[in-house]
Amino acid sequence: MSGILNSDFLQVYGVFEQLESTKEDDKVFAFTRTGEGQDAVVLLNFSDVDVDVKGLPTLQGHKLILSNYVDVAESEAKLRPYEGKLYVR
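Residue numbering for the sequence shown follows our numbering, beginning at 1 and increasing consecutively.
By construction, these hints were calculated from the structure, which means they are not laboratory data. You may find that some hints are simply not true.
To be verified - Think about it this way: if two alpha-carbon atoms lie no more than 30 Å apart in a straight line, the pair counts; the simulated DSS-like pairs of lysine-lysine are:
(1) Lys78 x Lys23
(2) Lys63 x Lys27
(3) Lys78 x Lys27
(4) Lys78 x Lys54
(5) Lys78 x Lys63
(6) Lys27 x Lys54
(7) Lys23 x Lys63
(8) Lys54 x Lys23
Just so it is clear, the structure is predicted and the values come from calculations on it, not from any experiment.
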């Protein structure tokens, strides 16, 4: 992941915060890592069904840099089964 973010700082020292709306969710785990002018948002779907993630904070200004699906969905509003996405700004 260091090659993706071009900085070990965010991985090692960045502040981790689980998104409040996913704390009680058994399907979606979403969190941010923030530090030194960078931030990353990670969205993970641990279920075998599509999951609506409309209630999560906006990803405006973030760039999708990693996904486990080859045909990445344009919509930020849902995650497909077992989909994971990494956004950075």
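Structure-based check of all given hints:
{"no.": "1", "hint": "Lys78 x Lys23", "result": "holds (17 Å)"}
{"no.": "2", "hint": "Lys63 x Lys27", "result": "holds (23 Å)"}
{"no.": "3", "hint": "Lys78 x Lys27", "result": "holds (12 Å)"}
{"no.": "4", "hint": "Lys78 x Lys54", "result": "holds (7 Å)"}
{"no.": "5", "hint": "Lys78 x Lys63", "result": "holds (16 Å)"}
{"no.": "6", "hint": "Lys27 x Lys54", "result": "holds (14 Å)"}
{"no.": "7", "hint": "Lys23 x Lys63", "result": "holds (24 Å)"}
{"no.": "8", "hint": "Lys54 x Lys23", "result": "holds (15 Å)"}
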